[in-house]
Amino acid sequence: MDLKVIDHATCTFCGCVCDDIQLHADDERIHQAKKACVLGKAWFLNHTAERKYPDALIDGKEATVDEAIAAAAEHLYQADMPLVYGMSNTTCEAQRECVEMADHLGGLLDSHTSL
Amino acid sequence: MGGKVTCTLGEVKNRADFIVYWGGNPAECHPRHFTKYTLMQKSPFLPRGRKDRTMVLVDIRETKSAKASNIFLQVRPGKDFELITLLRAMIKDQPISEAQVAETGLTIEQLQDFVSRMKAAKYGVFFFGMGLSMTRGKHMNSAALLTLAAEMNAFTKFVAMPMRGHGNVTGADVIMRWQTGYPFGISFNRGYPRYNPGEFSTVDVLVRGDTDCAFIIGADPGATMPQPAIDHLAKVPTIVLDPHVTHTSKLARVHITTAPAGISAPGTAYRMDEIPLPLRPALKSPYPSDEEVVRRIKEALLEKPDWMGERPQMLQNQI
Numbered sequence: 001m002d003l004k005v006i007d008h009a010t011c012t013f014c015g016c017v018c019d020d021i022q023l024h025a026d027d028e029r030i031h032q033a034k035k036a037c038v039l040g041k042a043w044f045l046n047h048t049a050e051r052k053y054p055d056a057l058i059d060g061k062e063a064t065v066d067e068a069i070a071a072a073a074e075h076l077y078q079a080d081m082p083l084v085y086g087m088s089n090t091t092c093e094a095q096r097e098c099v100e101m102a103d104h105l106g107g108l109l110d111s112h113t114s115l
Numbered sequence: 001m002g003g004k005v006t007c008t009l010g011e012v013k014n015r016a017d018f019i020v021y022w023g024g025n026p027a028e029c030h031p032r033h034f035t036k037y038t039l040m041q042k043s044p045f046l047p048r049g050r051k052d053r054t055m056v057l058v059d060i061r062e063t064k065s066a067k068a069s070n071i072f073l074q075v076r077p078g079k080d081f082e083l084i085t086l087l088r089a090m091i092k093d094q095p096i097s098e099a100q101v102a103e104t105g106l107t108i109e110q111l112q113d114f115v116s117r118m119k120a121a122k123y124g125v126f127f128f129g130m131g132l133s134m135t136r137g138k139h140m141n142s143a144a145l146l147t148l149a150a151e152m153n154a155f156t157k158f159v160a161m162p163m164r165g166h167g168n169v170t171g172a173d174v175i176m177r178w179q180t181g182y183p184f185g186i187s188f189n190r191g192y193p194r195y196n197p198g199e200f201s202t203v204d205v206l207v208r209g210d211t212d213c214a215f216i217i218g219a220d221p222g223a224t225m226p227q228p229a230i231d232h233l234a235k236v237p238t239i240v241l242d243p244h245v246t247h248t249s250k251l252a253r254v255h256i257t258t259a260p261a262g263i264s265a266p267g268t269a270y271r272m273d274e275i276p277l278p279l280r281p282a283l284k285s286p287y288p289s290d291e292e293v294v295r296r297i298k299e300a301l302l303e304k305p306d307w308m309g310e311r312p313q314m315l316q317n318q319i
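Sequence order for the protein chains is H and D.
For the first sequence, this note's numbering begins at 1 and goes up steadily by one.
For the second sequence, this note's numbering begins at 1 and goes up steadily by one.
This is chain H alone, in the form it adopts within the complex (with noise of 0.2 Å):
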C-alpha cells in the first residue's frame, strides 16, 4: 500500500481553516497530521475512505443514491415552503449549489449563522 504525503493541505474543522497541514495518507485513512491541533488531528484521523453507512436511505431502507435523489427532488417539489438549511460543513461549489436551488423552488434558505 503507498503512503503519499500532501502537502499544505487544509483542515475545516474550525473557523480557523489551517491550511498549512502535512497529511500522511495511505488509500484506506489518513495515519498523520503534521502540525494539526488536537481537534484537526480528531478531525483528520478519525474519516477514514472506507464505506461505513449505506449509500442512502429512504424511509430507514437501504436505497441507491439515484433513487434517493428522485425521492428528494418529489418531496422537495411537492412542498410549498421547502426549507434549505445548513451549508456549514460543506463546500463553497456545494453552497452555491444550494442557493441555486433554493432560488428555483423559491424556498427558504438559511445557515449555522442564524442559531
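Calculated from the structure, these hints are not laboratory results.
Mixed in with the good hints there might be a few duds.
Said to hold, decoys possible - Here are some of the chain D residues that sit facing chain H, going by a computed Cβ distance under 7 Å: (1) H33; (2) T35; (3) T147; (4) N168; (5) G171; (6) D173; (7) R177; (8) I186; (9) A214; (10) R271; (11) L277; (12) P286; (13) L301; (14) K304; (15) P305.
Glycine included, C-beta positions come from ideal geometry on N, C-alpha and C.
Starting from the known structure of chain H, fit chain D onto it as the hints suggest.
Coordinates of chain D only, in the frame set by chain H:
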C-alpha cells in the same frame, strides 16, 4: 465584508498590538489562533512577538484562555451590551454612573484602564465569540461591539472580527451574500430574495411550523436545535446530506451519504477573515460529493414543470 470594520488575520499577525477576545475560548475552540495569528508571531512591526502584544479576555468565567491573557475582565452574565455601551460612553468622555458600572460586575478602575489601553494601542482587534453573539441581546451585542470598534477609529486603528465556529460557515455567508445580497435568513417565495432573520431564520420557521419540507446539508439540527424545532423536522419530509448517519438522518425521510469536504471531497472553504482557501483531499471516497448530489437534485427539479411560471428574477444568470 458585510459592512464590518475588519481586516485579515495576516494584518493581525503583523500589526495588532492590542488583542481583545470577547465571549470566546480560543485556547480550546480555536487552538492555533494564538500561535498562528494573534499572540506568538513576530513581525517587522512587533519584533518581540508576544512581549509587544497585550491580550485582554472578556468572559463570564475564567476559561483556559484566561491563562494566556494579560488582563482578564469577568463580566456578569448577560451584561455584555451594558459593558460595551459604557465603554462607548467612556471613550468619548461622556458621564457614567457608579451604579451602571457596578451592574457589569467590573470596577471603574478596570474600565478606565481598559479604555486608556485601547486608546494607547497602535492596532487594536476585537475577536468576538458565541459568548457575545448567542447570549442575551444576541445580534445587538455584536452590533454594539462593531460600533465600538468603528468609533475607536477616531483615536487609533481598531477592527473587529467574529470567531466563526465549524468549518465553512463563513463561506455560507459569503456565497449567500454574493448570490442574493443577504448573508442568511432568506426567502425566495416571491421570486426574488428577501431577508428577515426572526421570520426566515430556521429555528423560528421550524418552531412556528412554517415549512413543509426541509433539506439539510452539512449540519445536524437534530442534535443542536430546541425540541419543538426537532419535532417539526420529524413531522415533515426531511432530506439529509451528510458523511455520517446523524441524529437528523434518523428522523429524516431521505438520507444520502456524501464524501466529507476537505478529507475526500475537493472544493473551497473560507477562513473566518473571509479568505478563500482550496481544499486538498487526501482520500478517495466511495460516496459522491455534496456538490454533485445537490446539482443532481437541482437538475431533477428542473425537469419537472415549473410551478412559478414567469420568473421575475433568475439568479442563475449570475452563476
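Verification of the hints:
1. H33: holds (6 Å)
2. T35: With a closest approach of 9 Å, the D/T35 hint is violated.
3. T147: violated (19 Å)
4. N168: Interface hint status for D/N168: holds (6 Å vs cutoff 7 Å).
5. G171: holds (5 Å)
6. D173: holds (6 Å)
7. R177: violated (10 Å)
8. I186: Holds - the Cβ of D/I186 comes within 7 Å of chain H, reaching about 4 Å at its closest.
9. A214: Status holds, d = 5 Å.
10. R271: holds (4 Å)
11. L277: Where the cut-off is 7 Å and the nearest Cβ of chain H is about 5 Å from D/L277, the hint holds.
12. P286: holds (5 Å)
13. L301: At about 5 Å, which falls below the 7 Å cut-off, the nearest Cβ of chain H leaves the hint on D/L301 intact, so it holds.
14. K304: Constraint on D/K304 satisfied, holds at 5 Å.
15. P305: The hint is violated - D/P305 has no Cβ within 7 Å of chain H, the shortest such distance being about 9 Å.
Checked against the numbered hints above, the structure breaks hints 2, 3, 7, 15 and satisfies the rest.
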